[in-house]
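On the provided structure of chain D, position chain Y as indicated by the hints.
Protein chains: 2
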Amino acid sequence: MTDVYEPLTPESLPARLSTLESVSSRLGTDHTQWSVSEIGDGNLNLVFIVSGGNDSVIVKQALPYVRLVGDSWPLPLYRAFYENCALTRQASRTSNAVPDVFHFDEQQALIVMEHLRPHVILRNKLINGEYVSGLGQFVGKFCAQTAFRGSELSMSSADKKADVGVFSGNVEIPAITEALVFTDPYFDAEMNNHNPLLDSVVSSLRSNVELKSVVQRMLMKFASNTETMLHGDLHSGSIMSTDTESKVIDPEFAQYGPMGFDLGMVTANFLMAYFSQPAHRSSDLDDYQQWILDVIGETFSAFSTEFQRLWKSERTGMLYPTALFEEQGHDSSGACDSLLASIHTDAMAFCGIEMHRRCLSLAHNADFENIEDPGARAPLEARNLNMGAQLILQASAISDASLLIGMAEDFNKRDVL
Amino acid sequence: MTDVYEPLTPESLPARLSTLESVSSRLGTDHTQWSVSEIGDGNLNLVFIVSGGNDSVIVKQALPYVRLVGDSWPLPLYRAFYENCALTRQASRTSNAVPDVFHFDEQQALIVMEHLRPHVILRNKLINGEYVSGLGQFVGKFCAQTAFRGSELSMSSADKKADVGVFSGNVEIPAITEALVFTDPYFDAEMNNHNPLLDSVVSSLRSNVELKSVVQRMLMKFASNTETMLHGDLHSGSIMSTDTESKVIDPEFAQYGPMGFDLGMVTANFLMAYFSQPAHRSSDLDDYQQWILDVIGETFSAFSTEFQRLWKSERTGMLYPTALFEEQGHDSSGACDSLLASIHTDAMAFCGIEMHRRCLSLAHNADFENIEDPGARAPLEARNLNMGAQLILQASAISDASLLIGMAEDFNKRDVL
Chain D
1 MTDVYEPLTP
11 ESLPARLSTL
21 ESVSSRLGTD
31 HTQWSVSEIG
41 DGNLNLVFIV
51 SGGNDSVIVK
61 QALPYVRLVG
71 DSWPLPLYRA
81 FYENCALTRQ
91 ASRTSNAVPD
101 VFHFDEQQAL
111 IVMEHLRPHV
121 ILRNKLINGE
131 YVSGLGQFVG
141 KFCAQTAFRG
151 SELSMSSADK
161 KADVGVFSGN
171 VEIPAITEAL
181 VFTDPYFDAE
191 MNNHNPLLDS
201 VVSSLRSNVE
211 LKSVVQRMLM
221 KFASNTETML
231 HGDLHSGSIM
241 STDTESKVID
251 PEFAQYGPMG
261 FDLGMVTANF
271 LMAYFSQPAH
281 RSSDLDDYQQ
291 WILDVIGETF
301 SAFSTEFQRL
311 WKSERTGMLY
321 PTALFEEQGH
331 DSSGACDSLL
341 ASIHTDAMAF
351 CGIEMHRRCL
361 SLAHNADFEN
371 IEDPGARAPL
381 EARNLNMGAQ
391 LILQASAISD
401 ASLLIGMAED
411 FNKRDVL
Chain Y
1 MTDVYEPLTP
11 ESLPARLSTL
21 ESVSSRLGTD
31 HTQWSVSEIG
41 DGNLNLVFIV
51 SGGNDSVIVK
61 QALPYVRLVG
71 DSWPLPLYRA
81 FYENCALTRQ
91 ASRTSNAVPD
101 VFHFDEQQAL
111 IVMEHLRPHV
121 ILRNKLINGE
131 YVSGLGQFVG
141 KFCAQTAFRG
151 SELSMSSADK
161 KADVGVFSGN
171 VEIPAITEAL
181 VFTDPYFDAE
191 MNNHNPLLDS
201 VVSSLRSNVE
211 LKSVVQRMLM
221 KFASNTETML
231 HGDLHSGSIM
241 STDTESKVID
251 PEFAQYGPMG
261 FDLGMVTANF
271 LMAYFSQPAH
281 RSSDLDDYQQ
291 WILDVIGETF
301 SAFSTEFQRL
311 WKSERTGMLY
321 PTALFEEQGH
331 DSSGACDSLL
341 ASIHTDAMAF
351 CGIEMHRRCL
361 SLAHNADFEN
371 IEDPGARAPL
381 EARNLNMGAQ
391 LILQASAISD
401 ASLLIGMAED
411 FNKRDVL
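These protein sequence lines map, in sequence, to chains D and Y.
Numbering-wise, the first sequence is residues 1 to 417 according to the numbering used here.
Numbering-wise, the second sequence is residues 1 to 417 according to the numbering used here.
Looking at chain D on its own, in the form it has when it is part of the complex:
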C-alpha cells in the first residue's frame, strides 16, 4: 500500500489490501479470487463489500469531500480516525452492539470491519413495515451505556479529559451538524430544500423567534458540552438490523456532547418513521404505527433502567461519588432520577430539532423522500414539523415517554395543510 492517500476502487482494492493479514486470514491469501462491490449509499464515504472464500468484510474509506455535494465541499480525512476511536470506545462500553474493527489505516482513512449479515439498514425495514424484535431495548441500552460509561460518572477524570483533548481536533465534522441540524433549517440557507407545499408551515417556524432562540441554546449545549462521547448521528440509517438483532454503525460524527443528544436524535427518526407510515402502507397501518410507538416507549424505558443500573453498579467517576451518598447512608436514586430528567428534557428538544432539519435542511430522510407525490408527503411532513416545534418549546414539560407518545398520536390525526 502506498503512503499517499488514494481512494480505493473495486479494481484497485484487492491488490492494495492483499498484504493485510487481518483481511487475507478471512478472505484467503489469493486476492485475485476476492470479489468487490461498492455499496456506499451514504453521504460521505466509499463503502465496499469484499468477499473471498466463505467470508466477507466491509472496507470503509473516507473521501476528502462530502459525497452528497461533491468536491466543492471538502471534508477532512481525519474523520476516519475519529470513527475508529468511536468504534473502539463503543465496543468496550457496550456488548455486541457495533461491528468489530479488523484494521485501521489512518493515512488511507480506511477501516476494515465486520460485514454485518444479514442485517439491513433499519430505515429500510421501517419503510417496508418490517418488525425488529428487541429494537427499543437495544437502542435504549446502547444510548445509556455509551452515555454513562463515557462520562465522569464512570471514567477517571484524567482519562476522560485526555479523550476530550483527542476529540477537540475534530472541528469540521461537528460543524456540519452545527449548521445543517441547528441553524440552516431556520432560515433560507443556501443548501436547504423543502417540499414547496410546506411553505406556510416553514414560514411559520422561521418567523418564530422564541423557537429559534431555544434551538440556538441547544446548539450551545451541543457545541459546548463534554458530558460524554456521543455517536453523534444516531438515526435509523446508522442502525442495521435483522428481525431479531440490531447493531449501531457509522459513528464518524462522534464527538463529546450532552447525554440526551443521541437519545433525542434516534427518537426523532422513529417519529419520522411513524408519521410517514400512512404513505407506505394501508392494511396494517395502525398496527405498524403502534409498534413504532412501542419501540419509542421501550427505548426510553430501557435507557432509564440501564442508566439506573449502571448508576448503582458502576459509579466510579468523580461525579456523585458514593462517598457523598451511599457511604453516608444516603440514597442517591433521587439524584439519578433528577439527572435522568434533565437528560430527558435535552433529548426532547434535540428530538424536535432533528425532526425539523430532516424536512428543511440539506439531508432529508428516505421515510419522507420516498413518498414521490409531494401532495401526499406534505401533510405527513407538516405533522412532523409541528410536533417538532412543540417538543422544542415544551421540552421540560414532556417529562415522560407516555406524554411523548400521546403527543405523536395526537399530531398523527391533525391535518394542518
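Just so you know, not all the hints are guaranteed correct.
Put simply, identical chains are the same to the list, so a pair is met inside one copy or across any two.
[Claimed, not checked] Listed next, the in silico DSBU-like pairs over lysine-lysine satisfying Cα-Cα at most 35 Å (straight line): (1) K247 x K221; (2) K221 x K413; (3) K413 x K312; (4) K221 x K312.
None of these hints come from the bench; they were simulated from the model.
In this text the structure is predicted, and so the values were computed from the model without any measurement.
Chain Y only, in chain D's frame:
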C-alpha cells in the same frame, strides 16, 4: 538559566534572571543592584517582588506541590503554562484589567509580570472597610467580556475548539476545584476543617440529599462544559485594587467551563465579605455593608449591560448568528436575555457552593478566619452557610440581583445559632 526546573530563592533570583532583556531593561543591567523580596501568601506558588532602578517586576514561579499542604500534595508545574495562556487571552479580551506579562519560561514554570502598584489584595481592603470606586462595574465587565469573547458567540469554532484542546491537558488543577469546592464540603473529607460551633449547621447541610444532588449536578456542569475560558478562581484574593482601580490576577485555575462560574464565585466572596463585617467594624458597619451590596448589584448590572452590548456589536461566532435573527428582521434581544437568565441561574448555584466551601473545606478565607473568637465567628458563618444552601436550592427563582441582595439583608438579621 539552567534547563532543569529549580525553585528560585531571593538569593539565586537576580543572577538567574539577569540575562532576560525584558527584566534588565526595567531594573537595570547590574543585577547585583536588584533587591528581591518573597511575598507569596497564596497557597501554591513562589512570588517575588524584584526591584531595581525606579522600577520593579513580579516574578511568580510555580512549585511542584501545594504550598498550603506541603510536598505530600504534588501539583504539576504546567499550571504556569495555563496561567500564561489565561493572562494572554484575558489581556486580549479585556482592556487594562490584568497585569502585563513580560516573560514566560515554561521549563522554570515562571512568569515575569507587571508589578501592580499601589494595588493591594481586594480581600484585605474589604476586611479593613476600605472603599474601591467602580469595583462592581469593573468585575461585572471583566466577567462579561471574558465570558462572551471566549465563547463561540464571538470566536470562530476552529479557534475555540483548538483552545479547548490546549486546556484539556489541564487535569490536576480542575481536580482541586472539583474536590475542594464541590464535593469535600458535603461530607467529612480528610482535609476539611470547620468551626466546631457550626456542627449543627454543617450536619444539617450534609444530611440534605437534595442539596448534595444539586451541587453534584453543578459539578457536572463545571467539569463537562466548555462555554468559555474561565478565570476559575475569581475571589477577592484574585483581585488587586487601589481606591479607584482594580485588576484581576492569578488565573492559574483557568479552564473551560460555564459562563456563570466566575460571576457566581466572585459574588460569593462579596457576600462573605458582607456577612463577616459585623466582626470587623462597628460605627460604619451599616454603610459599609450597604456598599458591598451595592457592589454586588453593580456587578450583575454591569455584567448584563456589557454582555448585551457585546451581543449587539461582536456576535461573530456560530452561536445565535445574525443570519438567523437580525438579517431576518428579527430582534434577538429576547434570546440574549434568555441566555443571560440561564447564566444567572448557574451563577446563583455556584455562588452558594463557594459560600459553603470557604467555611467547610480546606481553603478558608480571611474574611471569616481573621475573626479570632470562634464564638463571634460562628453566627456570621452560619448566616453565610444557610444563605448558600438557599441559593443552591432556589437558584432559578433568584432571577434578579435585587432578590439576591434582599436575601442577603434578610440572612444578615437571622441568628440561627
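Hint by hint, here is what the structure shows:
{"no.": "1", "hint": "K247 x K221", "in the structure": "both (28 Å within a copy, 31 Å between copies)"}
{"no.": "2", "hint": "K221 x K413", "in the structure": "within (33 Å within a copy, 40 Å between copies)"}
{"no.": "3", "hint": "K413 x K312", "in the structure": "neither (41 Å within a copy, 43 Å between copies)"}
{"no.": "4", "hint": "K221 x K312", "in the structure": "both (27 Å within a copy, 21 Å between copies)"}
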